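Protein chains in written order, with this note's numbering: chain A, 825 to 1180; chain B, 1455 to 1793; chain C, 19 to 365.
No wet-lab data here; the hints were simulated from the structure.
Predicted model only: the values in this text are computed from it and were never measured.
Among these hints, one or two may not hold up.
As the list claims (entries may be wrong) - Some chain A residues judged to face chain B by a derived CB distance under 8 Å, without partners named:
hint, residue
1, Ile924
2, Asn928
3, Val1169
Where is the CB? At the ideal position from N, CA and C, for every residue including glycine.
If you want the building blocks of each chain, they are given just below.
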Amino acid sequence: MLKRPMAAVALAAALALGAAACGGTTKNSSGNDDGAAATSDRKADPNAPIKKNLKIAFLPKQVNNPYETIVDKAGIGAAAEYGGTAKEVGPSDASASSQISYLNTLIQQRQDAILIAANDPNAVCGPLKQAMSRKIAVVSYDSDAAKECRDVFINQASSEEIGRSEIKVMSDMLGGKGQIAILSATANATNQNTWIKFMKDELKKPEYAGLKLVKVAYGDDDDQKSFQQTQGLMQAYPDLKGIIAPTTVGIAAAARYISASKYKGKVEVSGLGTPNQMRKFVKDGTVQKFELWNPGDLGYLASYAAAALASGQITGAQGEKFKAGRLGERTIGADGEVILGPPTVFDKNNIDNFHF
Amino acid sequence: MAPEDVKRSPRQLAGRLLRWDVIVIALLLVVFRAGATTTSDFATSDNLSFAFGDLSEIALIALPMTLLVVAGEVDLSVASVLGMSSALFGSLWDAGWPIESIIPLLVVVGAVAGLVNGLLVTRLGLPSLAVTIGTLTLYRGLAYVVLGTKAVAEFPQNYADLATKTIPGTPIPYPFALFIVAAVVTAIVLHATGAGRAIFAIGAQEEAAFFAGIRVKRIKLLLFVLSGVVAAFAGAIYTLRYGSARADNGLGMELAVIAAVLLGGVDFDGGRGTLAGVIAGVLLIGLLRNLLMLRDVATEIQSIVTGLLLIVSVLTPRIIAGVREARRHPRGSISASSQ
Amino acid sequence: MATTTVTKDTAPADTKGGRRLVDTVLRARELSILAALIVLVVVTTAVNSSFLSEQGVKDIFLNASILALLAVGQTMVVITRNIDLSVGSVVGLVAFASGKFVLGHDRNVLLVLILGMAIGAVCGLVNGVLVSFFRVPALVVTLGTLYVIQGLDYYWAHGQQINAADVPDSLLELGSGGVGGIPYLPMITVVVMLAVGYYLRSFPSGREFYAIGSNPDAARLAGLPIRRRILTAYACSGILAGLAGVLWLARFGTVVADAAHGWELRVVAAVVVGGVAIVGGLGTVYGAALGALLLTTIGSVLVVLKVNSFWQDAIAGLLLLLAISVDRLLGLRVTRALRRRNVRHGA
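Please take these sequences and the hints and turn them into a complete structure.
And the structure:
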């Protein structure tokens, strides 16, 4: 009785090899998906008022992430300003497939706009395109989706500026010399990967010749894992002088480990963090400087952008402008990107002025 | 069996209706009706096609899982096989392999994965719970080794369409249609063939089955291989449906599959259960989640509801059996262990 | 599901010899993990001497403490032929609950610990009642409670976060401080492990746990208070999970809703690698704790050796399979030896 299944397996294997010999659909042979990206035959009407009672929804990477919560809350508050209703929905695990279930639901509920921080830039593309084809405005924020799947991307700060300034800050603290490592979030996160790309590029410049990037570690935005990755980094690279953690979870964990260990004061920790989390470590000297922007502003801006799209004020093309409440007028840049502003550098002199 | 027979009739009917799988089917209909009447977007073709699509992989994997649980075993590694299959898919695709070669290879890999489980359980006599927890970790680890944390996208449109589009005119996506066909076949095998009876026998009393001439080890081995094959194929479907091959695809899905099987009234100790119940269980979990999401119920509540449903699903048959036992054997007499 | 395992009590005519043989085998099992651990550490230190520095050693033990604590609790449950999959969620819930409790106030550390253990006890009792009184399969019950507790935790936490800055220093000191160079966390774990291990081994009621797991029908016929023991096992598992939750807060300071998410499988893996048979009746808490230590150390070793940490899961899985295969083969050998002895003595 075992012979039959074994024969089937052998047959399947033979088929596979045979198909390989005869060629087939490969990455290079198949045309790329030309899909119905809803190119707007809408025209932008900058003078159109923001529609009343817009329904918008925020879909963060995961709902348990405190940073995302601040962003989304501000966005929901902004919606109240312009007479719309907003809600936050999302998965409790930062996975792409969970976001898709929510996207489907939001499409069913016929939202006017969907705002998403994508866990995976490509996986969410299908449903997003569907949404766009149903005239739902799609805005990505924090972590971009593939650009043909969304109308506008609200970037918290210029990715290039974030990446390069991280290196500059670290270099200033280390006097331009030493081994450094990067502690990132998940390995697929669009935002972190873009910043890291610019960091690596910046390191190629001659003034940073004394700095050496020895490792990029991934803490998966999980506190415990980030903590252990930091431990591991210090053990694997005992001459490590600096850790850049461009994620609020990572920097908090790294700072906590370093401040309770013998490396306190000997290893610089920097990156992107929230003042509330980092206050203790700035005061005790573990962290000299770190950066961020106001996550509330990010949500606020994204909310207004969504409203502008849904009301026909903009279509996401370069050069269009829209008004974003108290943040003033904003212009859309290349590839539908809107930048919030330059990052703020926090240190012990100004950290007490901020409470988020 | 004398005069009580006549009196038993209405009781028999009640007994038959009080089986958990019947209750689940009833619950499913109730939920569907409730959804259709209260939420306008629920019973639309669009929404249902999403709901069914989302369920496809869990539903497919639940079929061999049912057979395994009825036989008294369990396979917790299915989600990791799915992930490994997805990772392999992405990695080979990225390297330029033709898709027509990749998919059969994935099936073979799934068979091997199931074979490992099966051999460890049948040849070494290891408990399947422990073995599959080990292979769950191992296969997921291998998925990461193969693809790392990359995500591979851009699969050919015609194949992706096969995984996402519905049969024209119905809200049934192709993968779900595949599930329906497979479910019918599995139901026939389980409930109407000698093989199915053998599986029940193995689950009920393995030693007796062995002495009755049933080739216990061979059947169990085949079931594990089947589980691996289906999980790997589901991995291919998953990858095409989401358009993204990742090593962490399907993370945690094994619990959802087991929950669906258990919800469908299959006895975890083996030897009892119906496939209709499992199908109802799968649909119930899927549609309930869909309905709750449409009504903006928080994810956390969905989780709590699933957990409670699970507990109730196993508690109820016990309570019913206990009540029946108590009625049949009033206190003081020796009652056989009601398991 | 599987065939019966070795029971601790053998043929009456040869109790001493049989028990000695079984004991030797079991001790060999724990020693083998210890040996594997030592080999691992030696090899790694040879490559990178800072691995065994004071900081390095402290880190290893600190990391393993929480997992080992959970492993001890899980052992009590597993040897009765049950399982507790809800431990991960309980740790998360308690960590967050304790965090909220201490937020902004300077609470007594002992009070926080008691609160955490109380919450854990309640969760454990729910599991225990469902398993022991209603005789529902443990896998199902604890899977259900996993979902429920996790849902409750996420619902309550919903995007909130406890920051280290808000946790009183006394609690944080518990997590990273120590006395005489030995950190508190491993000390607590060792004390608990010794206490539970002693109870299970040297008290008649403790040994009943093994009897129940090894042959439930025989245990029932022998009149053992099965329900009470299983209830106790789950209550202990819950209490220890609660303790672990508070220690989690103390160690990491930052807690979000999904703390310890997915740890239940890790705990079961540690326990099985440590020689506790999943069908019950066999294994010690010492082995389980060593198993936890081994699995945690592998993680650190891989990072230090600069091996791709993706191999970690694969290696852990292989170890698990190896452990249960070896256990099985050992068990068969012991059964054969005992049978031979019985034949010899005409029993």
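The hints, checked one at a time:
1. Ile924: A:Ile924 check passes; min Cβ-Cβ to chain B is 6 Å, inside 8 Å.
2. Asn928: holds, 4 Å
3. Val1169: violated, 30 Å
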